[in-house]
Amino acid sequence: MRAETFVLKFLSPQTGCSIHEMRFEANPAIVASILVTEFADLATHSFYPDKEELFALASAADLLLPEWDGEIMLTRPHRIDEASYLVHTNFELPLMLEGRKPFAILDGEEGVEWFENVRNLFRPHVESGAFVESVKAVRGGGQTFLTVYYALPGEEWRFKAYDDLMNGPRPWTEEMERRQGYLLGYTQEECDWWIANDFRHPSPTTPY
Numbered sequence: 001m002r003a004e005t006f007v008l009k010f011l012s013p014q015t016g017c018s019i020h021e022m023r024f025e026a027n028p029a030i031v032a033s034i035l036v037t038e039f040a041d042l043a044t045h046s047f048y049p050d051k052e053e054l055f056a057l058a059s060a061a062d063l064l065l066p067e068w069d070g071e072i073m074l075t076r077p078h079r080i081d082e083a084s085y086l087v088h089t090n091f092e093l094p095l096m097l098e099g100r101k102p103f104a105i106l107d108g109e110e111g112v113e114w115f116e117n118v119r120n121l122f123r124p125h126v127e128s129g130a131f132v133e134s135v136k137a138v139r140g141g142g143q144t145f146l147t148v149y150y151a152l153p154g155e156e157w158r159f160k161a162y163d164d165l166m167n168g169p170r171p172w173t174e175e176m177e178r179r180q181g182y183l184l185g186y187t188q189e190e191c192d193w194w195i196a197n198d199f200r201h202p203s204p205t206t207p208y
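Using this note's numbering, read the sequence shown as starting at 1 and increasing by one per residue.
Honestly, the hints are just simulated from the structure, not real lab data. One or more of the hints may lead you astray.
To be verified - Per label pair, the in silico range of CB-to-CB distance:
| id | residue 1 | residue 2 | range |
| --- | --- | --- | --- |
| 1 | Asp107 | Met1 | 31 to 37 angstroms |
| 2 | Asp41 | Glu71 | 17 to 23 angstroms |
| 3 | Gly140 | Ala29 | 36 to 42 angstroms |
| 4 | Ser84 | Met1 | 30 to 36 angstroms |
| 5 | Ala29 | Pro169 | 45 to 51 angstroms |
Note that the coordinates shown come from a computational prediction; the quantities given were computed from them, not determined experimentally. Even glycine gets a Cβ: it sits at the ideal position worked out from N, Cα and C.
Using the sequences and the hints, build the whole thing.
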């Protein structure tokens, strides 16, 4: 089996975002064996290898890993990596802290570990007044699903504007895609690139 590309992302404990990345080539069957996972899951899941697994990966792929005490995530490359600009996905918190992103969205099930961990990273900035938060809940089947909006002060108008867009008429159009990108803080040039390169969402389920 030929080698394929994987990415190790070294995550900041303050933001949970990647601050250093390392790409490497490895036999996916060997990687799946080290992670004790199904081969097919490598394409669709992210993994958080422990020290023993990292050592095995480094040995198998001849990697020199940096010293790092925080979490490390293993993924496959994503098509959004081809973008000519920084796509905000997984960088929402630091971009908002820098004032470069006015509005972000978090969707998930209440009580699920990954979702609560991300909310906990945003929480101090909501409590300090640096961010404004709006939470909507949908309950059913004994579960609660939350949509959490975050905005910089003065940008709260984006909450309703985004709701109006997502609950508006269908089918989803190129103009709606541009509007979504604008509300999330992308420039006109970035939205143009996204659409010109056929990244448009056939249905608006996951904002970029």
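- Any hints from earlier that this structure breaks? Give me their numbers in increasing order, please. No numbers; nothing is violated.
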